[in-house]
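Chemist: The primary structure of each chain is shown beneath.
Protein chains: 2
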Amino acid sequence: MKTPRTKLSRVPQRGSYDQATIHAILDEALIGHVAWVTPDGRPAVIPTLIARDGDDLLIHGSSASRTLRALKAGIEACVEVTHVDGLVLARSAFHHSMNYRSAILYGTLEPVEDVARALEIFTEKLVPGRWEHVRWPNRKELKATAVLRLPIAEGSAKIRTGAPVDDDEDYALDTWAGVVPLRIEPQAPAPDPLLKEGIDLPEHVRALTA
Amino acid sequence: MKTPRTKLSRVPQRGSYDQATIHAILDEALIGHVAWVTPDGRPAVIPTLIARDGDDLLIHGSSASRTLRALKAGIEACVEVTHVDGLVLARSAFHHSMNYRSAILYGTLEPVEDVARALEIFTEKLVPGRWEHVRWPNRKELKATAVLRLPIAEGSAKIRTGAPVDDDEDYALDTWAGVVPLRIEPQAPAPDPLLKEGIDLPEHVRALTA
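Protein sequences appear in the order of chains A and B.
The C-terminal position of the first sequence is numbered 230 in my numbering, with every residue numbered one higher than the one before it.
The C-terminal position of the second sequence is numbered 230 in my numbering, with every residue numbered one higher than the one before it.
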């Protein structure tokens, strides 16, 4: 949604307020960067696993953690998510850039009561299909987990794709220019050294590297 | 440096205040997440290219950008950098985790006068060896670039590595457990469609995918 805060003033053609675009950027990201203002008025930001539940972005942590107690319901937050998709090598130093997809959300954190459901969403975010294979949380674990949601309402996306853009006269230079794409690639799964014998790699884990 | 703000209260054995550890995490990261408090007291965070210059972390942007004007010298900032190294799949939903290396710095942004040198540092950060091949910034470009530094002084690192840690009784379960490592891998360079004919891929770009 376009508001004075989310309105993109720099290179606005890279911006988007489209909910589907923002959702896609959030869904592909494991980590979000959650910023808030401390009680003494100073900035703070932490990385944390994110998962989307419809029009809410979920974050969670230990109920005992200092951060989760700071990030209590009612506090204002800004959450940023970024994928770095490539290095953009121009002919001029000045026009070097990166290809990226980022989303920035603003809002107020609200408590989530159904912690069990949130843990299912987080587990499935980490590895789709994992939930049915794991030992589900018990009462003590649910009590030890705090979950908060940020409504995905006031936010924007910003995306750069494609080749470098140089000044007209620089296209005559003999400098190589182009893009080096970057991709996050899952590697061969490493079984827990304490894994019981005879447990094969399950399909939902194999699928990550397929 | 350990201060009341950087002191790690959760899982402190994962923490470090070692400058070399923090430098290594910063040096491997292209992107940092810069948080500050807006004039009306609200949190804001943006992703931006970072580069280290000795004991300073450098950020830059267009002198005309709203963000860079907000992030002016003298403002307090918190910068966070995170590498996600792997998915940690435990037998219990509760003990699922990620392997990661993160650094969080606090401090006050200060102006950098030598913009040309900073642009060299940023260019070399993006692609080592690139600077000698590109058209260097002219006066107009230097004027259009704002550079700020955050002293790397008040900060901490947090690192998780290795296998999942489950509750004792869960090791008897038949659930596969282990780690799926994640790695950022540069892909084959894509030449600018407008690249002059006869310009081969240079060694400094080829080295990225070697």
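Hints are supplied without guarantee of correctness; some may be wrong.
Identical copies carry no separate label here, and so any pair may be met within one copy or between two of them.
Said to hold, decoys possible - Calculated lysine to aspartate or glutamate pairs in the DMTMM-like style (CA-CA distance at most 20 Å, straight line):
#1 K145 / E223
#2 K163 / E48
#3 K27 / D38
#4 K160 / D186
#5 K27 / E48
#6 K160 / E189
Simulated from the structure, these hints should not be mistaken for lab results.
Since this is a predicted model, take the numbers as computed values, not measurements.
Chemist: The structure should be examined with respect to each hint, and the outcome stated for every one.
Modeler: We went through each hint and held it up to the structure:
1. For the identical chains of this complex, K145 and E223 are intra-copy neighbours only, at 16 Å inside a copy versus 39 Å across copies, given an alpha-carbon limit of 20 Å.
2. Taking the shortest alpha-carbon separations for K163 and E48, neither the intra-copy value of 29 Å nor the inter-copy value of 37 Å comes in at or below 20 Å.
3. Taking the shortest Cα distances, K27 and D38 sit within 20 Å of each other inside one copy (13 Å), while across copies they are farther apart (40 Å).
4. Within a single copy, K160 and D186 get their C-alpha atoms only as close as 58 Å, which misses the 20 Å cut-off; across copies the closest is 15 Å, which meets it.
5. Proximity of K27 to E48 under the C-alpha cut-off of 20 Å is found in neither arrangement, the shortest distances being 23 Å within a copy and 32 Å between copies.
6. Taking the shortest Cα distances, K160 and E189 sit within 20 Å of each other only across copies (15 Å), while inside one copy they are farther apart (67 Å).
Figure legend: structure checked against the earlier numbered hints; hints not met, in rising order: 2 and 5.
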